[in-house]
Amino acid sequence: MVLDRMDAAFNSQMFDDAIVAEIARHGVVRKFPIKTILIHEGDVSDSFFVILDGGVRVYRTDEAGRTVTLGFLGRGQCFGELALAGGQRDASVETMEETRCAIVPGTHLRALTLTTPAVAIFLVDVLIARVRDLSSTVKSLALENVYQRIARLLTESADFVEGEWVVRARLTHREIAECIGSSREMVSRVLKELTSGGYVRVEDASITILKKLPQGW
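FYI, the numbering for the sequence shown is 1 to 217, going by my numbering.
To be clear, the hints were calculated from the coordinates, so they are not data collected in a lab. Backbone N, C-alpha and C define an ideal beta-carbon position, used for all residues, glycine too. Hints are not guaranteed to be accurate.
Here are the simulated lysine-lysine pairs, DSS-like style, with alpha carbons at most 27 Å apart [what the hints assert, rightly or not]:
no., residue 1, residue 2
1, K192, K211
2, K139, K212
3, K192, K139
4, K192, K212
5, K139, K211
So the derived label-pair ranges between C-beta atoms look like this [what the hints assert, rightly or not]:
no., residue 1, residue 2, range
6, E98, R25, 21 to 29 Å
7, T115, K211, 46 to 54 Å
8, D90, F160, 29 to 37 Å
Please put together the full structure from these sequences, using the hints given.
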């Protein structure tokens, strides 16, 4: 694990704007308020979403109602690639802020892959990115302790804004816990200690990394 790499790589999916724009052109643009569930786990997979503005959280819920967050996506990223094959959605997606998306029917997306090779390659890249993210998550849960998972989440989801590293998603302690497979109480304890040590600043769910986080705690 490399804790000093603050390169905003929590989701490795970064794509050519021209290809994203081409796919979005075949969709209907809609705006959604914060906390809108765009996709329900188990729904029929019949549409593909391109995020034009805003951000979303991808998560799964078990039969007991417990939730685990799989990741976050923002402007220029996409989700719903199972629309290519149909079947059921394997996760839910909820807006983290006001979000504008282009929604492309699965039939249009499939047609695009046949007529536009760049789109087909793009979708392969999407799937590869998903597998890499999943592999990284499984490794983190299996081999890292709670502090290391929190540190990874913070450093890999930070953007350099006006001279500071700011975690781009405004995350509550509960949401961080759902991301790393821990409890809200443990997250609160770690963040309190990092704040006291001068490593982070927490203001209204906005987290700023002030200096390189330690390898262990």
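Against the structure, the hints come out as follows:
Only pairs whose Cα atoms come within 27 Å are accepted, and K192 paired with K211 is accepted, the gap being roughly 15 Å. With a CA separation close to 22 Å, the supplied pair K139 and K212 stays within the 27 Å bound. For the hint linking K192 to K139, the alpha-carbon distance of about 26 Å falls within 27 Å, and the restraint holds. Distance check on the hinted pair: K192 and K212 sit about 16 Å apart at the alpha-carbon level, within 27 Å; holds.
With a C-alpha separation of about 25 Å, the suggested pairing of K139 with K211 holds against the 27 Å cut-off. E98 and R25 have their C-beta atoms about 22 Å apart, which keeps the hinted 21 to 29 Å range intact. In this structure the supplied range 46 to 54 Å holds for T115 paired with K211, their Cβ-Cβ distance being about 51 Å. Taking 29 to 37 Å as the suggested C-beta distance range, the pair D90 and F160 conforms, at roughly 33 Å.
In terms of the numbered hints stated before, the structure departs from none.
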